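Undergrad: Listed in order, the protein sequences are those of chains A and B. The first sequence begins at 1 in the numbering used here and counts up by one. The second sequence begins at 1 in the numbering used here and counts up by one.
These are computed hints drawn from the structure, not numbers from a lab. Among these hints, one or two may not hold up.
[Stated by the list, open to error] To give an idea of the chain A side of the interface with chain B (calculated C-beta under 10 Å), a few residues:
| id | residue |
| --- | --- |
| 1 | L72 |
| 2 | Y101 |
| 3 | R161 |
| 4 | R163 |
| 5 | A167 |
[Claimed, not checked] List time: in silico SDA-like cross-link candidates among lysine to any residue, alpha-carbon distance up to 20 Å:
| id | chain 1 | residue 1 | chain 2 | residue 2 |
| --- | --- | --- | --- | --- |
| 6 | A | K79 | A | R35 |
| 7 | A | K112 | B | Q296 |
| 8 | A | K179 | B | Q296 |
| 9 | A | K179 | B | I28 |
None of these values were measured; they are calculated from a predicted model. Idealized CB from N, CA, C, for every residue including glycine.
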Amino acid sequence: MNRITQTFQTLRRQGRKALIGYLTAGDPDLKTSERNIRLALANGLDLLELGVPFSDPTADGPSIQSAGRRALASGANLKQILAMAARLRRSFKTPMILFSYANPLFRYGYTKLCRDAKRAGIDGLLVVDLPFEESAELRAPMKRHRLLFIQLIAPTTSPERARRLLAEADGFVYYILVKGVTGARTRRVPPTRRVFNAKKNIDRLRTCTDLPIAAGFGISDGAQAHEAARHADAVVVGSALVEAARKGRLAELVRELAAAVHGV
Amino acid sequence: MKHEPDARGHFGPYGGRYVAETLMPALIELEQAYRKAVKDPVFNKLFHDILRDYVGRPSPLYLAERLTKAYGGARLYLKREDLNHTGAHKINNTIGQALLARRMGKTRLMAETGAGQHGVATATAAALLGMECEVFMGEEDIRRQAPNVQRMQFLGAGIHPVHSGTATLKDAMSEAMRAWVARVDDTFYVIGSVAGPHPYPSMVRTFQSVIGTETRAQILEKTGRLPDMVIACVGGGSNAAGIFSAFLDKTSVRLVGVEAAGFGIRTGKHAASIGAGSIGILHGSKSYLLQDNDGQVQNAHSVSAGLDYPGVGPQHAHWADTARVEYCSITDTEALQAFDDLTRLEGILPALESSHALAEAKKRSRKLGARATIVINLSGRGDKDLDNIVSYKQKHRKH
Ligand SMILES: Cc1ncc(COP(=O)(O)O)c(C=O)c1O
């Protein structure tokens with residue numbers, strides 16, 4: 001069984017919620033980034049989203065944009081990132097999802113990518129700008145290599161559309177909490193309010209799928225993570241981890257988030 | 001050959017919709033609204049009335065006799081999009097999209113801009129229809145297209161300077177997409193070229209096809225036959241797609257798209273996505289792209305802000321593969337020479353973008369011979385470029 005599915009089954013059996021962490025691979029360079037990821041994994045991440053930097057990250061806010069810029073400036077590329085994943089896999093059993101924009105994967109070649117990713121111990125792919133309608137070309141080789149295609153659902157996705165997309169989804173559903181880019185924080189709606197508004201959408205999503213639901217975008221501390229974990233099966237934190245890593249507070253934040261999520 | 005995309009917006013292997021899920025419902029809604037609108041006689045009448053009475057269409061087709069003589073060959077006709085209100089072809093599209101936005105109940109327009117022509121055209125349409133407008137523009141373009149920035153501000157648009165990347169059109173478009181995700185309920189994103197996710201490439205071409213429809217009737221009236229060649233510059237490719245659209249079925253008419261070669265293709269500092277790029281995915285569609293081996297998008301270079309973009313509309317990629325359109329490129333220096341030629345010989349200041357098409361006509365004219373006719377799409381006027389041209393000439397003057 002795929003490590004992602006297995007992890008969620010185990011957690012569900014234990015009645016626990018999951019903490020999913022995103023970090024941009026290669027930020028600010030591969031060596032530092034690998035050290036940070038190890039730190040995050042050792043301090044309580046249940047799943048890792050390994051971000052592939054892209055020159056034009058149209059779905060990301062300032063934190064992840066800057067992380068990508070630093071990673072690219074240091075020369076990080078997909079081949080090196082997969083090699084890093086393989087090293088991480090030797091030390092950790094944690095599920096790893098490659099999180100990317102379509103173009104770096106397309107350029108690498110979808111078939112070759114799936115083969116190399118599987119070999120490196122990657123368990124699934126999440127491609128931000130590859131909606132379901134364009135995904136057949138990638139899903140075919142993914143299926144052959146038993147990689148899970150993680151489907152994003154947005155607050156703008158209608159229940160009918162969600163049902164259609166999720167019929168083909170696997171592993172878990174990534175529910176985007178806000179209409180906006182990653183790390184986005186609207187001044188008008190405080191984050192906890194937003195999570196509360198999301199409750200309705202998550203409940204509705206439950207009627208469309210039996211897959212575990214992970215909620216993310218805009219969650220930056222333990223209190224918000226706790227609130228989100230009350231409604232979802234997992235909480236995704238990205239920008240806040242990227243910032244914490246820069247300030248040398250990564251382990252601390254992961255522990256805070258893990259305690260908050262696992263305490264639900 | 002088929003020139004409409006498939007149901008999901010693919011032109012052969014190109015096009016499609018590569019956007020975050022958050023935007024998918026908005027694009028589907030837009031596509032449905034657009035399909036209904038173009039079939040609605042009321043919408044079409046309103047669109048064409050505004051084009052006639054406000055934009056000043058039809059734009060003339062002008063036989064440039066002194067230029068013809070100087071270039072020593074084919075008779076050169078200029079499609080005068082420079083005479084449109086706001087000075088370029090961009091207004092045809094923004095009127096169409098703004099009317100559609102109003103039909104859809106959106107109150108706010110948003111646009112990216114390079115040369116500022118599309119920004120001005122969007123701000124103008126917003127003023128005309130009483131809508132809010134926000135324009136995303138790279139810092140570098142704000143510097144080199146200062147008069148247009150001023151115009152947008154007078155028109156009441158908010159200018160959002162973009163600092164990331166090379167601070168040009170590509171980065172402005174990325175930032176516009178980010179902003180759209182956050183305001184997708186009340187905001188209509190007016191894309192300025194035949195680029196972006198489906199339905200933009202075919203929608204923008206449809207709104208720009210008025211250029212081709214007029215040109216075809218005008219050239220038949222003036223010469224009694226179709227032209228031998230139609231030349232247009234290609235940034236994203238909207239003025240080219242607009243004028244080509246009326247001649248696609250007539251294979252006797254050679255269609256030529258001109259990309260920006262910047263300092264020269266071999267220097268790597270250019271914007272020739274078709275000529276020197278490879279297939280990739282950027283800003284919502286699959287097309288030719290300037291990128292490195294890792295799929296990171298590379299910076300384009302052109303003296304002309306409107307051509308300074310590392311991608312190209314997906315239908316152009318398809319036309320290139322199927323050889324319906326020939327693509328070539330013109331350097332900064334050649335374009336500036338053509339700017340001087342038209343200004344001195346005809347008293348018309350062309351936009352630097354359009355100067356690329358003129359420079360290509362210069363190369364082709366003699367070979368085609370005096371009995372041939374070439375139509376050049378003069379996509380815009382050069383007033384916006386004057387400061388930029390002065391500083392470029394100072395910097396690159398040969399000693
Ligand atoms: C006068 C003019 N021509 C051409 C272009 C290039 O755009 P497109 O290739 O979409 O016609 C621009 C873009 O700003 C422009 O202002």
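Undergrad: Compare the structure with each hint and give your call.
TA: Evaluated hints:
no.	hint	result
1	L72	6 Å, holds
2	Y101	8 Å, holds
3	R161	7 Å, holds
4	R163	14 Å, violated
5	A167	15 Å, violated
6	A:K79 / A:R35	18 Å, holds
7	A:K112 / B:Q296	18 Å, holds
8	A:K179 / B:Q296	26 Å, violated
9	A:K179 / B:I28	17 Å, holds
Checked against the numbered hints given earlier, the structure breaks hints 4, 5 and 8 and satisfies all the rest.
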